[in-house]
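K.L.:
Each position in the sequence shown, counted from 1, maps to that position plus 12 in my numbering.
Rather than coming from a laboratory, the hints here were simulated on the basis of the structure.
Here a beta-carbon is modelled for each residue, glycine too, at the ideal position from N, C-alpha and C.
Accuracy of the hints is not assured; some may be wrong.
BS3-like cross-link-like pairs, simulated, lysine-lysine; straight-line CA separation at most 25 angstroms [said to hold, decoys possible]: (1) K21 - K76; (2) K163 - K111; (3) K76 - K33; (4) K21 - K33; (5) K33 - K107; (6) K133 - K111; (7) K67 - K33; (8) K133 - K33; (9) K163 - K133; (10) K67 - K163; (11) K21 - K67; (12) K107 - K133; (13) K111 - K76; (14) K107 - K67; (15) K21 - K107; (16) K21 - K133.
If you anchor each label on the Cβ, the simulated ranges turn out as follows [what the hints assert, rightly or not]: (17) G125 - N179: 39 to 45 angstroms; (18) R122 - E86: 17 to 23 angstroms; (19) D47 - H102: 31 to 37 angstroms; (20) H60 - M103: 21 to 27 angstroms; (21) M164 - N105: 21 to 27 angstroms; (22) S44 - E86: 25 to 31 angstroms; (23) E86 - H55: 20 to 26 angstroms; (24) V36 - I156: 31 to 37 angstroms; (25) N84 - K107: 25 to 31 angstroms; (26) R139 - M40: 30 to 36 angstroms.
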Amino acid sequence: MENLIGNEKYFIREANESDVKHLVEMRMALESYLDTCNSNLWHVSLDHIDALPEKYSRIINDSKSKVLVVVNNETNEIAGMGIGRIIHSHMFNHKTYGKIDDVWIDENLRNRGLCGSLVNKICDFFRQNDIRHITLEYVSGNEIAASVWGKMGFEPVIIIANTVIDNIRND
């Protein structure tokens, strides 16, 4: 799918091994942004960061995942990413569901329909695999994510709260 943005065209395609470096860069940009949303957010470890290239390579090659990138048709620069994964779990009534992860659109390209197009492509992957239930996570305090995901029909259903042990009170 191509989206006309100004005089530049962007298209969405499946990521490949040559995109891994860019996927890691965008994930780190996402982490940096999330740090500004909530000061209580736990930071990712250096070990996790070091493992990102291997993680993305594995997911790219997993038939139960779809890794997509948004690409500038004129410059071939990658401007966004998103991942859809099929999860199997015996925890819920619906044993198989879709999970959307690591959605990122370059900040100067937001509010132009790219995120919606990216999510639609991920949902096409879910539909092809007969997935009806979809989940995702976003950080408390990330008002942009709350707005974007809310407009797409996602509703918060669980809260994860963090503290350090010295802050526990028994009042």
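K.L.:
So, for every hint listed, does it hold in this structure?
P.N.:
The hints, checked one at a time:
| no. | hint | verdict |
| --- | --- | --- |
| 1 | K21 - K76 | violated (29 angstroms) |
| 2 | K163 - K111 | holds (17 angstroms) |
| 3 | K76 - K33 | holds (22 angstroms) |
| 4 | K21 - K33 | holds (23 angstroms) |
| 5 | K33 - K107 | violated (33 angstroms) |
| 6 | K133 - K111 | holds (13 angstroms) |
| 7 | K67 - K33 | holds (12 angstroms) |
| 8 | K133 - K33 | holds (22 angstroms) |
| 9 | K163 - K133 | holds (17 angstroms) |
| 10 | K67 - K163 | violated (30 angstroms) |
| 11 | K21 - K67 | violated (29 angstroms) |
| 12 | K107 - K133 | holds (23 angstroms) |
| 13 | K111 - K76 | holds (11 angstroms) |
| 14 | K107 - K67 | holds (24 angstroms) |
| 15 | K21 - K107 | violated (39 angstroms) |
| 16 | K21 - K133 | holds (17 angstroms) |
| 17 | G125 - N179: 39 to 45 angstroms | holds (42 angstroms) |
| 18 | R122 - E86: 17 to 23 angstroms | holds (19 angstroms) |
| 19 | D47 - H102: 31 to 37 angstroms | holds (35 angstroms) |
| 20 | H60 - M103: 21 to 27 angstroms | holds (24 angstroms) |
| 21 | M164 - N105: 21 to 27 angstroms | holds (23 angstroms) |
| 22 | S44 - E86: 25 to 31 angstroms | holds (27 angstroms) |
| 23 | E86 - H55: 20 to 26 angstroms | violated (36 angstroms) |
| 24 | V36 - I156: 31 to 37 angstroms | violated (22 angstroms) |
| 25 | N84 - K107: 25 to 31 angstroms | violated (40 angstroms) |
| 26 | R139 - M40: 30 to 36 angstroms | holds (31 angstroms) |
In summary, the numbered hints that this structure violates are 1, 5, 10, 11, 15, 23, 24, 25.
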